[in-house]
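With the hints in hand, could you dock these two chains into one complex?
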Amino acid sequence: EAQVTQNPRYLITVTGKKLTVTCSQNMNHEYMSWYRQDPGLGLRQIYYSMNVEVTDKGDVPEGYKVSRKEKRNFPLILESPSPNQTSLYFCASSLYAPPDTQYFGPGTRLTVL
Amino acid sequence: DAKTTQPPSMDCAEGRAANLPCNHSTISGNEYVYWYRQIHSQGPQYIIHGLKNNETNEMASLIITEDRKSSTLILPHATLRDTAVYYCIQISGGYQKVTFGIGTKLQVIP
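In order, the protein sequence lines correspond to chains A and B. According to this note's numbering, the first sequence is numbered sequentially starting from 35. According to this note's numbering, the second sequence is numbered sequentially starting from 1185.
If you're looking for bench data, these hints aren't it; they were derived computationally from the structure. It should be emphasised that the depicted structure is a prediction, and the values quoted were computed from it without experimental measurement. Just so you know, even glycine gets a beta-carbon here, dropped at the ideal spot from N, CA and C. A couple of the hints might just be wrong.
Footprint (simulated), chain B over chain A, 3 or more residues, beta carbon under 8 Å [as the list claims (entries may be wrong)]:
#1 72-78
#2 120-126
#3 133-146
Chain B with its partners taken away, still in its complex shape (with noise of 0.2 Å):
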């Protein structure tokens, strides 16, 4: 199975950048990287994606080495809303299971 690998948890000051990364280094050309976080044990919610280039939306940003083999998530200022676990998940099209690991607990600090 694909599989990408994260910290478990990291701490973030409220207001500051958070850098959450993560490692593909099995991604195959088509194959995308996706975000989603799980706020307590609510349903996950996407956050953002990405194949090659970098992306950006209103929630964060999403940063792609030239290589593809890892990638960093960045929440531009964090809140203790963004209190949550992060799931980077690897995706390919055509291949219809989406496996899920534990992701990063991100614990914003006040």
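Same shape as in the complex, but just chain A (with noise of 0.2 Å):
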């Protein structure tokens, strides 16, 4: 089955404890995202990247480091994270890069403490 997976779903944390949040995608696809959302602030895009080892920043990409070592792997990793990081997190690919159709994963809710 086509489809982007993260991991963890769910996550509780500590501030200043790194974290990792995993997205892979089996579609072959070239374009990837991260986003966040928060109430009343609507989808906000994190990173982006183009194809493997290419990575550019979005809107609110402070706090926030990505890599794409592969082209089915982009993972977004919290250095230190802080209680502002807490959020609903989606990972998102599409064969290309926009406007081309995204898939979103199913979400990963993050709090930080």
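Structure below.
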């Protein structure tokens, strides 16, 4: 089944403890992206990647890192999480860069205490 | 940033057509209009997109005005499962960022 998977789905952590949220797609898509969603602010793009080893900042990249060493994986790294990074995170992929249709993962709900 | 405006919320009676408007007055010639929806806190789901012409698929119809400054997403026979937040976004080819707004919360009423 064609899909985007994220792990973990739920995570509660403490300030400063490094964490990684994984994202994987099995559709051989070139473009991948991370979003965060907060009440009243909609979906905001954190980082995106046009292809392997090509990443760039979205609208809210501060406090996050990403890497794209393989085409199928696009992990989101929080080196030192803070409470303001408590949010719902979505990974998405598309065959090519926008405006191509994006397919979203199920989301990761992160709470930073 | 390219930006669309949508009403924050709408109601629709079950079985009736739901017409969701979107203004994209700054849209340029190479920008597409895309619609996604998000049910509860699930990942957004693609619905339909268009450039100039009206479009229809198994989920919905998209009507784009001749000047392309606004569009309407039509769900022909709304069901309770169509209750969701609907996002209208404009995206240009070659512009790699994607900007979602806060969307329209559609409540389908029995």
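query = Would you say the region 120-126 of chain A counts as covered by chain B, given the rule of at least 3 residues with C-beta under 8 Å?
reply = Holds: 3 residues of the region 120-126 of chain A have a Cβ under 8 Å from chain B.
ask   = Are there three or more residues in the region 133-146 of chain A whose C-beta lies closer than 8 Å to some C-beta of chain B?
value = holds (count 9)
request  = Given that the region 72-78 of chain A was listed as covered by chain B, double-check it with a C-beta distance under 8 Å for 3 or more residues.
outcome  = holds (count 5)
Violated hints are absent here; each numbered hint is respected by the structure.
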